[in-house]
Amino acid sequence: MRLVAKNIYKSYKDVKVLKNLNLMAQMGEFISIVGTSGSGKSTLLSILATLDRADSGDIFLNDINLNTLNNRELSKVRNSEFGFIFQSSNMIMHLNVKENITLPFLYSDNTPKDLDFRVSSLLQMLNLSNYENKKINQLSGGEQQRVAIARALINNPSIIFADEPTGNLDLGNTKIILKTLKALSKEGKIVIVVTHDSTVKNYSDRVIELEKL
Amino acid sequence: MKIFLKNAIYDFENAQKAFVRKKFQSFLSLFGVIIAIASFIVLISVSEGSKKEMIDSLKDLGFNTIRVTLKEFSIISKDLNNISDGLSLSDFRDLQNRLSNSFIAPLYSKKSVSIFHKSSDFTTTLLGSNEEFLFIENLKVLQGRPFLKSDLKFLKKVAIVSLDIAQKYSINSGSDLIINNKNYEVIAVASIKDNLSSFVLIPFNTYPYQKSSFDNINIFTDDIFTTKQIVDLALTKNHKSLKDFEILIPRQILEQKLKTQRTFSIITFAIILMSLVSGGISVMNIMLSNINEQTREIGLRIALGATNIRIMQQYLIYTLFMVLLGGFLGSVLGYLIVFLISFLTDINILISLKSLLFAISLSLIAGAIFGIYPAKRAKNISPISALRDY
Chain A
1 MRLVAKNIYK
11 SYKDVKVLKN
21 LNLMAQMGEF
31 ISIVGTSGSG
41 KSTLLSILAT
51 LDRADSGDIF
61 LNDINLNTLN
71 NRELSKVRNS
81 EFGFIFQSSN
91 MIMHLNVKEN
101 ITLPFLYSDN
111 TPKDLDFRVS
121 SLLQMLNLSN
131 YENKKINQLS
141 GGEQQRVAIA
151 RALINNPSII
161 FADEPTGNLD
171 LGNTKIILKT
181 LKALSKEGKI
191 VIVVTHDSTV
201 KNYSDRVIEL
211 EKL
Chain B
1 MKIFLKNAIY
11 DFENAQKAFV
21 RKKFQSFLSL
31 FGVIIAIASF
41 IVLISVSEGS
51 KKEMIDSLKD
61 LGFNTIRVTL
71 KEFSIISKDL
81 NNISDGLSLS
91 DFRDLQNRLS
101 NSFIAPLYSK
111 KSVSIFHKSS
121 DFTTTLLGSN
131 EEFLFIENLK
141 VLQGRPFLKS
151 DLKFLKKVAI
161 VSLDIAQKYS
171 INSGSDLIIN
181 NKNYEVIAVA
191 SIKDNLSSFV
201 LIPFNTYPYQ
211 KSSFDNINIF
221 TDDIFTTKQI
231 VDLALTKNHK
241 SLKDFEILIP
251 RQILEQKLKT
261 QRTFSIITFA
271 IILMSLVSGG
281 ISVMNIMLSN
291 INEQTREIGL
301 RIALGATNIR
311 IMQQYLIYTL
321 FMVLLGGFLG
331 SVLGYLIVFL
341 ISFLTDINIL
351 ISLKSLLFAI
361 SLSLIAGAIF
371 GIYPAKRAKN
381 ISPISALRDY
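As given, the protein sequences belong to chains A and B, one line each in that order.
Read in the working numbering, the first sequence has 174 at position 174, and its numbers run on one by one without any break.
Read in the working numbering, the second sequence has 330 at position 330, and its numbers run on one by one without any break.
No incorrect hints appear here.
Computed cross-link-like contacts, DSSO-like style, restricted to lysine-lysine with a CA-CA straight-line distance of at most 30 Å: (1) A:Lys76 <-> B:Lys2; (2) B:Lys6 <-> A:Lys98; (3) B:Lys6 <-> A:Lys113; (4) A:Lys76 <-> B:Lys17; (5) B:Lys17 <-> A:Lys98; (6) A:Lys13 <-> B:Lys376.
Note that these hints are calculated values from the structure, not bench results.
The following block holds chain B by itself, in its conformation from the complex (with noise of 0.2 Å):
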């Protein structure tokens, strides 16, 4: 073993002078390999940000939600949408009895709400729910009280703020706010998320903007895909089997968009792997051109007691060294780009370790591939004729 690796670190020393010999040829057959590997480094902490981004979005609408929404309708179908009230109040009722088990909340909300305090005013997005909201969406309350089924049973004009604005605008329970020229007396600051940042919620039932139909009703299930089919089917009798409203399910939009993204990846994955051939093949065209200049070089080291296994080894670490050279400065490069991508555009990107092992492994992959037949004619050379040819 000591031996194997005294002659390894040799044959890697060797390898190292032979490359900076021969620097320009051999980094031009490295070329391929350089951009293989940073295709791979870009794809992989581009798609890996991009699924991160799916997920936390995915988080923040819930892995057990499900939304239940209007359909936007055609012209034509807007006077078939006349025909329903649209996610009305008894759906809701009907759907909190058919699911006991679960969480659901309805939701008016409308953007740009002017609301006062104190002496002055600010535009915020105004959200009418119930006292489930805030778990269905999975929001704190951080300072104060959440809305109790008395609330909204007794029509309290009460109101929950988000962070952001309770800090912005010193609000605090036990602030009073101007709603549409009611008066909202505030028991909690809620904490926020990406999709729910900032935001006035009161309950639904003293909502001033209120219409026929919620603009949502959110479920929290355990068991997303039975309540789907119960849901469906209430709203489709309430409805009178038209179909205005759409279900949604957070989960499998995400399931969808995975397995969309794993096929780009994978036909990306395939180029690169091509790209990466044709590199290896590079390396390989150039360790044969090498084994040719090196023939009486070989020779003489096999007629000083070089064993051919010794001689494939040399040529194989050759192999082995230019392409993780090939790999290593792929990565750099690849890193670059991505650093470059996540400072001039928006794309999310995760930069992770585990890219850069995968792209050694896969250099040193290639490396084993494509050395493995130059360094076998380096093996077979017959010292005598190379010894006397050359």
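Bound conformation, chain A alone (with noise of 0.2 Å):
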């Protein structure tokens, strides 16, 4: 598996975000991306993980120009091939734990049979174990991330994309979440993490940073 993006340009009105920016991310490589505030580094992790198209530049995943294709075949790469975590856990409020992980699925053609399986191992891995049926609102901060790691993770995706992951988490569920994605890589997916925190670099095969235009 291979994320390449190449010749990126962005702009938000006459403010220009990313100019000509190339990146090559390959299997089972922790990448973190830092910047001051402004430097377009959300604006990338957007771009490449198919949620904001660019002004120009290709984004490639493996052979494939994402570019290329259509609002339901990009959906189709998001729901089967990323994973996402964002500062916020995002969680819907209404769901409960095992609803909130199982969300792609809703998305998905198939249906796995062993979901259930998935589900409680994923819970088991995060140290949430029996969770399933709690309310988002039992749930602490950190407890919240980690259902979105799994909700990132039931697809089995190739690419985890991860906006300031560890922004609203103390020191422990901050070093829970990091070792968590360092395991994921090592297994042979992409983690792409946008991030202010210093101690992700620990944890990051490559470091990106990004300035202000």
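With the hints as a guide, bring the two chains together.
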């Protein structure tokens, strides 16, 4: 698996955010993207994750140019190949833990038969055994972020995008999350983390620093 | 198709849960739809009821009948009335000659006439007519024989009694009745209908309360409009151009009434549609507010792989659920009102499945119309700004 960004340009109105950006992420890499506020870290992540489109330039997933895909095809790519972790856990509060974790399968053509097993294995891995039926508001911030990781992994994606995943967490929870992400990269997944947190650098194989244009 | 159904079921269940989470607000927003659908059910039930009543009454009067009556004159014109004999025997004979293919019956009618049977007496409407009367009125001879031409020719004192009188006073063919001190032999028992439910019928030429004018001349014909013209011409001529008669065509009266009712229904329906539009706008409003509140959730769903169409479907089904619920509650309320109306008043009501199906279709159409804009808005939410800004 390989994710490549070629000659990416992006601006909002007259403000240039990304200029001729090139990046290649290989299987098993843990990449952190750092930079000052407004340097375009989150914008880059959104473009790589197909949540936003670049003004020019191309994103390749293996040999597929994602810019050539329509919205429906991009949704499919996001659903099957990408996992997302955001700064706030972005849980749907009226769904329980299991329903939040299995949310990507609502938008997938196939629901695996071993879904329950997958959910309980992930929760076990994240030290959240037997949390399936808990309400989101019964969980701490760290627990919610771990549920978000479980949701990002339920589809067994190739690439995990994390936007400030430790931004709202204490040191203990930060370490748990980063260790988990590191373990995932070691399993062969590409992990791309946008962060302000200097601790993330210690877990990264590569750090990309963006400067404000 | 299977996936579409699976998704639709999920969205429907989700809509139910969302409704319950904001039940008070959601219920209030449904009020317009509930009132519109309830009014619709009441309108349809009442108007169908009155239509049925009108048609039934026409059936009683006859689809192919013409009724000639004497006009009710004002005091001044009563003098004019004296010039003419009204609907006289010669008018009847003249019409008989002119309308050889039609059935014609003259009619005397007097209410509350005392009639003696054995040693007791009873009062009823006494009718005097000919052998064609029962056919024109669509009444059947249940027992005995109808009048024959010879009964009238030889002024026979024979009588036909209605079923209710026969049953109530144990009168059969062969029984004797005393009417105005004259003896009549009962020859038949006849069926009844709403406007002729209790009567004793005797030949008009033996009628004890004969006047110069019949009360009616009733005609059964295949071509009511040509016949009406013939009757009009003949009587105008016989009465020396004095229009002291009136030709009533029940079918024409019904058509006129139906036309008036239709106009009334169209106006009421337009008002109901306006109320449905206002109800639909309320639902649209709450949907837009829901979408506003759920922007982050929508962004998340799109990030996790939901297509725009899928998001649109979710919110369209949510709106459809809302209006269908409104339609259901409105129908229940409507039928409750209909039930109360029929229980407390004598207004004729017709409850039909058709009105329920129409109400549900109306709700669905409203849901589709007022759901499309919020659903489109949800579909166009940018995941990146939704996740970042909210």
